[in-house]
Amino acid sequence: MKNLISLICLSITTICYAQSPSEIKEAIKHAEAEKQKQQAKLDSLLVIDQKNKLTLLRDLNKQKSELDQKINQLGSTEPKNNRISFVLGIGASYVANTLHQNPSVNLNNNNVIIEKAQKVKTNVTFGVVYTP
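If you count the sequence shown from 1, position 66 lands on 66 in the numbering used here, and the numbers rise without skipping.
I should point out that these hints are in silico values taken from the structure, not numbers from a laboratory. Don't be surprised by glycine CBs; every beta carbon is placed ideally from N, CA and C. Treat the hints loosely; a few may be bogus.
As the list claims (entries may be wrong) - Within a straight-line C-alpha distance of at most 27 Å, the following computed DSS-like cross-link-like pairs (lysine-lysine) qualify:
1) LYS64 to LYS53
2) LYS51 to LYS41
3) LYS62 to LYS51
4) LYS64 to LYS51
5) LYS51 to LYS25
Claimed, not checked - Between beta-carbon pairs, the in silico distance windows are:
6) THR98 to ASN123: 39 to 47 Å
7) GLU23 to ASP49: 32 to 40 Å
8) PHE86 to LYS116: 49 to 57 Å
9) VAL87 to ILE48: 31 to 39 Å
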């Protein structure tokens with residue numbers, strides 16, 4: 001569009017400076033030839049631009065289809081019926097400080113008994129996980 005406007009301005013300028021009718025006809029021919037050249041350049045730029053857009057769209061569609069395939073592969077790794085999973089965990093912990101059990105009283109001699117506690121504790125955890 002910018003090229004077309006500059007071409008029209010060039011044509012008007014050329015016509016205004018012409019003196020005789022033959023010069024005016026020559027200027028008009030020159031302006032029309034220049035207009036055709038500019039239009040051809042503009043058309044070729046539009047074709048190149050459309051080819052670039054088509055190439056870009058093809059690349060984007062290809063990337064989208066590849067992503068869709070990856071998503072489908074990830075979604076199809078587990079059947080839809082297996083939505084409940086069971087989790088089992090086993091752990092152990094070590095306590096560095098000296099721990100004591102709850103005090104107890106020996107009824108035979110009324111002495112208070114304080115025993116040391118274990119330093120290693122183990123635990124087992126079982127859980128159910130639902131994945132929507």
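Handout entry: Pair hint outcome, LYS62 versus LYS51 [Cα-Cα no greater than 27 Å]
Key = holds, 16 Å
Problem - Pairwise beta carbon distance, GLU23 to ASP49, judged against the given window 32 to 40 Å - result: holds, 38 Å
Practice task
Take the C-alpha atoms of LYS64 and LYS53, compute the straight-line distance between them, and say whether it is at most 27 Å.
Solution key: Holds, because 16 Å separates the two Cα atoms, which is no more than 27 Å.
Exercise for the section: Measure nothing beyond the straight line between the CA atoms of LYS64 and LYS51; if it is 27 Å or shorter, mark the hint as holding. Expected result: With a Cα-Cα distance of about 20 Å, the restraint between LYS64 and LYS51 holds, given a limit of 27 Å.
Exercise for the section: Below or equal to 27 Å on CA atoms is what counts here, so check LYS51 against LYS41. Expected result: Within the cut-off at roughly 15 Å; holds.
Handout entry: CB-CB spacing for ILE48 and VAL87 relative to the 31 to 39 Å hint
Key = Violated: the Cβ-Cβ distance is about 59 Å, outside 31 to 39 Å.
Exercise for the section: Given the range 39 to 47 Å, decide if the beta-carbon distance of THR98 to ASN123 lies inside it. Expected result: violated, 21 Å
Handout entry: Restraint check for LYS51 with LYS25, where alpha carbons must lie at most 27 Å apart
Key = violated, 39 Å
Exercise for the section: Starting from the range 49 to 57 Å, see whether the pair PHE86 and LYS116 falls in it by beta-carbon distance. Expected result: violated, 37 Å
Hints 5, 6, 8 and 9 from the earlier list are contradicted by this structure; the remaining hints agree with it.
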